[in-house]
Amino acid sequence: MSTKISALSNLQQRLIVGVLGAALLIGGIIFSEWTFSLLFLGLTLLGTLEFYKLAGTAGIQPNKTLGAVLAAGVFISVLLIDKEYMPAEVLYLAPPAFFLVFVLELYRKEPQPFTNIAFTILGVIYIAVPFSLLQLLGHLQGEYSWQPILGLLLLIWSADTGAYIAGKNFGKHKLLERVSPGKTWEGWVGGTILTILVGWGLAVLFHDLELYQWLGIAAIVSVFGVLGDLTESLLKRSLGVKDSGTLLPGHGGILDRFDSLIMVIPFIVAFLKIF
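For the sequence shown, my numbering gives the first residue as 826, with consecutive numbering after it.
Hint data in this document are derived by calculation from the structure and do not stem from the laboratory.
Just so you know, nobody snuck in bad clues.
Computed spacing ranges between beta-carbons, pair by pair:
no.: 1; residue 1: G884; residue 2: A913; range: 36 to 44 Å
no.: 2; residue 1: L1030; residue 2: L925; range: 39 to 47 Å
no.: 3; residue 1: H998; residue 2: L864; range: 36 to 44 Å
no.: 4; residue 1: Y989; residue 2: R933; range: 37 to 45 Å
no.: 5; residue 1: P921; residue 2: F856; range: 35 to 43 Å
Think of the CB as a built atom: it goes at the ideal place given N, C-alpha and C, for glycine as much as any other residue.
Assemble the whole structure, with the sequences as input and the hints as a guide.
And the structure:
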């Protein structure tokens, strides 16, 4: 009986946090470009610090303060350059800023100095760079538009939903068992089919992008979304933890919720900028 109550409580937590989280995301994206940027700046900082906390479980000590400053700096720089409030030449400051991590590690007197350096920089690359690039999707045609960003989230949610339904009902063949035992090829196919169908529907509803662009994004989400999920699972497995954090009750941490988005953003930005 207590098991059933505990399961129901966890389900309630997941539903409440899921609905509120989705409402906050969608509201922040649609309301204005500034609420969108502030929302994802917050997620960038929380995600970067969560990554550093995860590394700490294995005895690694990244430079959290400098890493957070670099993450915020990357995000804000991309925003200001994209809005033409700041010249693109400012990006030449990025390499010296990253090499400060090496300099400051000389004075921290922590064990495994180069592992600390690697994880400090990796946190910025893994979290801050994709979230920073997401801002470019909102300004593909100059003025801010929420359609490509919201459409991308809908495609990711579709991939997750389709994979869950198909995997639960038809899943037999493991996708990559040593990393994520629950994922199956049947689930991936189900997620891909639903994602492509939703991409087709987005082309009808949202007119900022052409049909081939929405279908291209859907294809990228189908492939690299699941790879992002597997990558984060590999990270947690290598560190011996179940969830990346406890910030979102019933859902884990920031990285648990945005692992697919983090992976797909660079590929989608490259695809849309080239085509």
